[in-house]
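Produce the complete structure using the sequences and hints provided.
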Amino acid sequence: MPTLTIDGKEISVPKGTTVLEAAKTNGIHIPHYCYHPALAVVGNCRMCLVKIEGMPKLQTSCSTAVAENMKVFTKTDEVRKAQQGVMELLLINHPLDCPVCDQGGECDLQDFSYGYGAGKSRYEFEKQTFVERSLGPVIKLNMNRCIRCTRCVRFCQEVRGKAELDFFYRGQHSELATYDNQELTGALQGNLVDVCPVGALTSKDYRFKSRPWDNRDVKSVCPFCEKGCSTDITVKWRTGQLLRTKPRYNPDVNGHWMCDHGRFGYHAIFDGQRVQKSEATIGGAGLSVVPREKAYAAVYEASKRIRERDGGSVFFGLGSPHASNEDNFMLAKFMKDAFQCAHFGLNATEDSGEAEDYPGFKIPSFKAPNLQGARDAGITEQGVGYAGLRTAIGKGEVKALFVLAGNRFSDWRGDFELMKRVDLLVIFELLPSPLHPLATATIPAAAWTETDGTMTNMQGRIQRFWRGVDPAGDAIPQWQALVELGQRFGLQGYQQLKRAEDAFKLLAASTPGYAGLDYSKIGDRGVLRVVEEAALAR
Amino acid sequence: MEATLIKHIGHTAFRDIDTFVQGGGYRAVEKAFGMRPEEVTEAVKSSGLRGRGGAGFSAGMKWSFVPKESQLPKYLCCNADESEPGTFKDRQIVEYEPHLLVEGIIICCYAVGIHSAYIYIRGEFAYGAEVLENAIAQAYSRNYLGRDILGKGFDLDVTVHRGAGAYICGEETALLESLEGKRGQPRLKPPFPAVVGLFNGPTVINNVETLAAIPSIINNGADWYAAIGPERNRGTKLFSVSGHVVKPGVYEMPLGTNLLALINDCCGGIRPGRTLKAVIPGGASASVLRAEECNISLDFDSLAKAGSMLGSGGAIVMDDSTCMVKVAHTASRFFYEESCGKCTPCREGIGWVEKLFRRLESGGGRETDLALISDICDNVKGKTLCPFGEAFSAPLDTFVKKFREEFLEHVRQKRCPFGNPPPDPVH
Numbered sequence: 002m003p004t005l006t007i008d009g010k011e012i013s014v015p016k017g018t019t020v021l022e023a024a025k026t027n028g029i030h031i032p033h034y035c036y037h038p039a040l041a042v043v044g045n046c047r048m049c050l051v052k053i054e055g056m057p058k059l060q061t062s063c064s065t066a067v068a069e070n071m072k073v074f075t076k077t078d079e080v081r082k083a084q085q086g087v088m089e090l091l092l093i094n095h096p097l098d099c100p101v102c103d104q105g106g107e108c109d110l111q112d113f114s115y116g117y118g119a120g121k122s123r124y125e126f127e128k129q130t131f132v133e134r135s136l137g138p139v140i141k142l143n144m145n146r147c148i149r150c151t152r153c154v155r156f157c158q159e160v161r162g163k164a165e166l167d168f169f170y171r172g173q174h175s176e177l178a179t180y181d182n183q184e185l186t187g188a189l190q191g192n193l194v195d196v197c198p199v200g201a202l203t204s205k206d207y208r209f210k211s212r213p214w215d216n217r218d219v220k221s222v223c224p225f226c227e228k229g230c231s232t233d234i235t236v237k238w239r240t241g242q243l244l245r246t247k248p249r250y251n252p253d254v255n256g257h258w259m260c261d262h263g264r265f266g267y268h269a270i271f272d273g274q275r276v277q278k279s280e281a282t283i284g285g286a287g288l289s290v291v292p293r294e295k296a297y298a299a300v301y302e303a304s305k306r307i308r309e310r311d312g313g314s315v316f317f318g319l320g321s322p323h324a325s326n327e328d329n330f331m332l333a334k335f336m337k338d339a340f341q342c343a344h345f346g347l348n349a350t351e352d353s354g355e356a357e358d359y360p361g362f363k364i365p366s367f368k369a370p371n372l373q374g375a376r377d378a379g380i381t382e383q384g385v386g387y388a389g390l391r392t393a394i395g396k397g398e399v400k401a402l403f404v405l406a407g408n409r410f411s412d413w414r415g416d417f418e419l420m421k422r423v424d425l426l427v428i429f430e431l432l433p434s435p436l437h438p439l440a441t442a443t444i445p446a447a448a449w450t451e452t453d454g455t456m457t458n459m460q461g462r463i464q465r466f467w468r469g470v471d472p473a474g475d476a477i478p479q480w481q482a483l484v485e486l487g488q489r490f491g492l493q494g495y496q497q498l499k500r501a502e503d504a505f506k507l508l509a510a511s512t513p514g515y516a517g518l519d520y521s522k523i524g525d526r527g528v529l530r531v532v533e534e535a536a537l538a539r
Numbered sequence: 023m024e025a026t027l028i029k030h031i032g033h034t035a036f037r038d039i040d041t042f043v044q045g046g047g048y049r050a051v052e053k054a055f056g057m058r059p060e061e062v063t064e065a066v067k068s069s070g071l072r073g074r075g076g077a078g079f080s081a082g083m084k085w086s087f088v089p090k091e092s093q094l095p096k097y098l099c100c101n102a103d104e105s106e107p108g109t110f111k112d113r114q115i116v117e118y119e120p121h122l123l124v125e126g127i128i129i130c131c132y133a134v135g136i137h138s139a140y141i142y143i144r145g146e147f148a149y150g151a152e153v154l155e156n157a158i159a160q161a162y163s164r165n166y167l168g169r170d171i172l173g174k175g176f177d178l179d180v181t182v183h184r185g186a187g188a189y190i191c192g193e194e195t196a197l198l199e200s201l202e203g204k205r206g207q208p209r210l211k212p213p214f215p216a217v218v219g220l221f222n223g224p225t226v227i228n229n230v231e232t233l234a235a236i237p238s239i240i241n242n243g244a245d246w247y248a249a250i251g252p253e254r255n256r257g258t259k260l261f262s263v264s265g266h267v268v269k270p271g272v273y274e275m276p277l278g279t280n281l282l283a284l285i286n287d288c289c290g291g292i293r294p295g296r297t298l299k300a301v302i303p304g305g306a307s308a309s310v311l312r313a314e315e316c317n318i319s320l321d322f323d324s325l326a327k328a329g330s331m332l333g334s335g336g337a338i339v340m341d342d343s344t345c346m347v348k349v350a351h352t353a354s355r356f357f358y359e360e361s362c363g364k365c366t367p368c369r370e371g372i373g374w375v376e377k378l379f380r381r382l383e384s385g386g387g388r389e390t391d392l393a394l395i396s397d398i399c400d401n402v403k404g405k406t407l408c409p410f411g412e413a414f415s416a417p418l419d420t421f422v423k424k425f426r427e428e429f430l431e432h433v434r435q436k437r438c439p440f441g442n443p444p445p446d447p448v449h
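From first to last, the protein sequence lines are chains E and Z. Everything in the first sequence is counted per our numbering, starting at 2 for the first residue and increasing by one. Everything in the second sequence is counted per our numbering, starting at 23 for the first residue and increasing by one.
No lab work stands behind these hints: they were computed from the structure. Idealized CB from N, CA, C, for every residue including glycine. A hint or two may mislead.
Chain Z residues, not near chain E, derived (Cβ > 10 Å throughout) [said to hold, decoys possible]:
#1 E61
#2 S86
#3 Y149
#4 Y162
#5 A188
#6 R205
#7 A283
#8 R296
#9 S361
#10 G371
#11 G373
#12 N401
#13 V402
#14 G404
Restraint ranges, calculated between C-beta atoms of paired labels, are given here [said to hold, decoys possible]:
#15 K204/Z <-> T130/E: 26 to 32 Å
#16 Q129/E <-> T181/Z: 36 to 42 Å
#17 D245/Z <-> Q85/E: 34 to 40 Å
#18 E133/E <-> D400/Z: 31 to 37 Å
#19 E314/Z <-> Q85/E: 34 to 40 Å
Coverage of chain Z stretches by chain E, computed from C-beta distances (three or more under 8 Å per stretch; other residues unrestricted) [to be verified]:
#20 227-239
#21 405-413
Given below as structure tokens:
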């Protein structure tokens with residue numbers, strides 16, 4: 002562990018650490034553009050120059066490894082002049098169109114200009130200009146704003162694994178482009194917007210929707226595959242509108258990146274016709290919109306009849322890897338408490354077979370976030386997924402079915418005739434489920450952005466997501482609907498389950514591997530559930 | 023003094039291997055093969071030969087930095103990307119002494135344990151590349167190259183690679199990138215090429231003139247070479263003299279030759295009726311010397327002491343008809359066109375400076391432009407990724423400082439006092 006001083010502060014960091022990283026981990030900010038912790042060091046922006054005692058020239062802190070007794074200075078007059086010089090030079094050909102630039106407000110060029118620039122320019126000549134270009138379905142390129150840090154070029158080479166983006170021409174004329182103006186490919190394009198420290202690469206999906214100071218970021222987890230990338234969801238303060246999803250750095254899961262399926266997947270939920278009202282069949286008529294309490298009452302009455310007729314064994318809870326741990330846990334708990342039922346299965350368990358392996362990022366093929374968590378939460382499957390359920394219905398063994406996340410019923414085979422043999426069908430859904438027309442009662446469910454909760458990804462890592470936006474219409478978290486239903490059934494202890502964490506604590510108390518956990522212990526990065534070796538072997 | 027580097031300049035006969043061998047060629051290879059590789063490196067080290075590409079680093083030292091054992095193949099890259107304005111010396115070796123270069127390459131590779139050498143030649147030297155190709159083919163046919171050279175168990179392949187026309191590819195790491203088929207842009211150092219170079223293997227990069235000096239060192243001994251020229255600046259050097267002299271051309275002279283002697287004795291002096299005004303002594307990236315500074319020894323150390331550099335030895339001589347603002351603008355325009363664009367200060371700085379020089383030469387400049395140019399140069403100097411930043415910031419700043427009065431005259435008269443028209447627009 003070499004010990005060095007930066008601005009007089011004594012610091013010990015592991016051998017091989019760069020000066021920039023040593024400063025960063027010790028709260029000393031050195032401005033930089035081309036350096037990115039997950040990309041190769043190239044040292045071309047020259048913004049991170051620092052003074053190192055004994056060296057005649059200023060050194061790029063991003064590329065200089067620390068050494069024992071090194072003395073680094075980041076705020077001398079010489080360093081300040083160099084920073085001002087680089088800032089001035091970066092801006093002489095920059096359009097300074099911040100008021101209409103999508104990056105404005107979250108732009109390193111703005112921030113470092115304010116923090117390290119001279120605040121004025123001595124350049125009086127015409128600026129270099131380029132035509133705005135499209136780089137494919139995701140990215141818009143405004144070359145005028147580019148500072149040629151090459152983060153995007155390195156991302157494509159190193160993480161995406163295809164050198165499809167690079168500079169053409171030379172010097173001040175150098176221009177970012179793809180060969181023959183082809184579109185960018187692959188499912189990692191959105192990350193280019195994130196790595197670009199300026200407004201050169203902007204997202205076609207997000208641009209012009211909002212300004213950063215009108216937004217807030219809420220920590221979340223991506224629900225579009227079993228990887229469970231840590232994300233931030235951006236919400237507009239005034240309207241509560243969900244604007245975009247960004248990867249949130251989590252070294253244990255996704256590093257700095259996420260895929261485009263996850264990043265833009267929210268459109269599939271939020272651009273569709275969300276189910277906003279609960280519905281129920283009352284008195285033999287078709288489904289009609291009713292208050293939630295009426296829906297619960299219909300479920301209660303039907304349950305009572307079926308139970309008296311067939312007993313508790315014909316009740317079946319169909320959990321979902323698209324629902325949270327709390328949702329699945331409450332389904333299992335409610336079914337056991339209300340009917341002493343122990344029949345469970347999972348919908349949407351089919352693997353898409355569409356894994357994508359990039360050199361720096363793997364996208365798994367199973368496109369639901371919480372298969373592991375649903376099983377952990379007590380959805381002990383009877384047979385194999387939906388196939389097992391079909392057999393059971395066919396044999397007349399299932400007469401009442403409770404379905405979580407009915408809208409993500411990817412296993413559905415259009416078995417309307419078969420499903421008619423079920424007398425009570427309760428569906429929790431975000432969008433209309435394919436089973437919707439057959440339902441006895443439907444409850445509008447809150448999306449992952451609209452509630453707190455946890456999911457357990459393919460590694461067995463339990464991660465939290467936070468409520469960022471208001472639920473659509475009368476939508477309610479599925480765990481909470483099950484709590485309310487339990488109350489209608491007069492079940493013991495349901496009154497006390499007020500928050501998602503209450504359900505989680507019950508889950509933790511009864512689930513091996515989750516013992517002793519609560520939301521604060523899970524934190525931002527999640528924790529691995531403790532698994533017995535025997536369980537691992539299985 | 024007998025020329026060793028361009029003995030046969032103007033005589034195409036020595037491109038033929040038989041003529042070359044009859045004249046004593048390839049003897050140094052045989053002699054070197056009788057020595058241990060370390061002895062060869064030691065001889066080059068003690069000869070005092072300093073790299074002729076511009077930086078003047080000890081050639082023997084450079085060789086000794088290459089690790090003896092390497093998992094990856096080691097390489098030699100001969101830098102024939104001669105692009106420095108005012109420099110045309112390597113071209114003479116390539117075109118008239120190609121076998122001397124090949125001989126030097128074989129000896130270097132033997133000394134360092136290299137079995138694969140590349141000659142990176144500037145794209146515009148198509149003719150020179152052809153000459154080299156022919157010479158190499160002949161060397162293969164006589165088993166000076168190829169497998170088991172001269173039955174001594176040493177293998178060597180030499181490949182000629184033509185560049186695509188970028189000045190920056192003369193910078194050693196940009197040369198490597200270009201040779202690997204990538205965009206010709208410099209790499210961050212360290213690691214240095216001697217450790218991580220071409221295709222990540224340890225790599226020696228030597229200038230044409232450096233390698234061409236090796237055979238005579240081996241033939242005549244390190245002591246013979248070390249006796250030429252002043253302390254720390256040994257051997258002969260090729261000087262490409264251009265500009266307002268009676269006989270411009272390439273001259274081989276010992277290091278330490280006086281600049282005025284070079285101009286007057288070799289080149290027949292300044293053209294009649296004119297007087298010396300200034301000399302750029304080492305290619306466009308060397309700082310200009312005023313006439314009164316030209317009584318100077320042409321060696322690495324003396325010129326560095328005078329705030330300039332020997333560089334490539336390309337002396338651009340200017341008489342009193344020359345507008346120094348126009349010279350500065352022309353130089354800045356060259357650098358503007360050739361900046362690779364990788365790092366900020368160089369890419370942006372040179373474009374700005376070029377515009378300021380253009381405005382001054384066109385008569386639209388202001389007095390404050392001079393301080394601004396100096397300050398921009400200061401913001402570039404020492405802050406760039408590769409030496410290109412120094413290569414333009416130091417000499418351009420020097421023009422402003424040394425010829426301030428002439429710049430101010432342009433400002434006052436609002437035109438070029440020498441009657442030059444405004445510069446052509448850059449594309």
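Exercise. Is the hinted range of 36 to 42 Å satisfied by the C-beta distance from Q129/E to T181/Z?
Worked result: 38 Å, holds
For this session: Check the non-interface label on R205/Z: least C-beta distance to chain E beyond 10 Å or not.
Result: 7 Å, violated
Problem set entry | Non-interface claim for Y149/Z, where every Cβ of chain E lies beyond 10 Å | With a cut-off of 10 Å, Y149/Z remains clear of chain E, as the shortest Cβ separation is near 25 Å.
Exercise. Would you say the C-beta atoms of E314/Z and Q85/E sit inside 34 to 40 Å of each other?
Worked result: At roughly 37 Å between Cβ atoms, Q85/E and E314/Z fall inside 34 to 40 Å, so the hint holds.
For this session: Examine the segment 227-239 of chain Z: at least three residues should have C-beta closer than 8 Å to a C-beta of chain E.
Result: With 0 residues in contact (Cβ-Cβ under 8 Å with chain E), the coverage given for the segment 227-239 of chain Z is violated.
Exercise. Far enough from chain E: is every CB of that chain over 10 Å from the CB of N401/Z?
Worked result: 3 Å, violated
For this session: Could you see if the CB distance from D245/Z to Q85/E stays within 34 to 40 Å?
Result: Roughly 54 Å apart at Cβ, these two residues miss the hinted range, so it is violated.
Problem set entry | Claimed clearance of chain E by A188/Z, with the beta carbon kept past 10 Å | 7 Å, violated
For this session: Verify that the Cβ of S361/Z lies farther than 10 Å from every Cβ atom of chain E, and report whether the claim holds or is violated.
Result: With a cut-off of 10 Å, S361/Z comes too close to chain E, as the shortest Cβ separation is near 4 Å.
For this session: Closer than 8 Å, Cβ to Cβ, for at least three residues: run that test on the segment 405-413 of chain Z against chain E and report holds or violated.
Result: The restraint on the segment 405-413 of chain Z holds, since 3 of its residues have a Cβ under 8 Å from chain E and three suffice.
Problem set entry | Minimum Cβ-Cβ distance from G404/Z to chain E exceeds 10 Å | Incorrect as stated: the minimum Cβ-Cβ distance to chain E is 4 Å, not above 10 Å.
For this session: Beyond 10 Å from every chain E Cβ: check whether that's true for A283/Z.
Result: Non-interface label on A283/Z holds, nearest chain E Cβ at 34 Å vs cutoff 10 Å.
When held up to the earlier numbered hints, the structure conflicts with 5, 6, 9, 10, 11, 12, 13, 14, 17 and 20 and fits the remainder.
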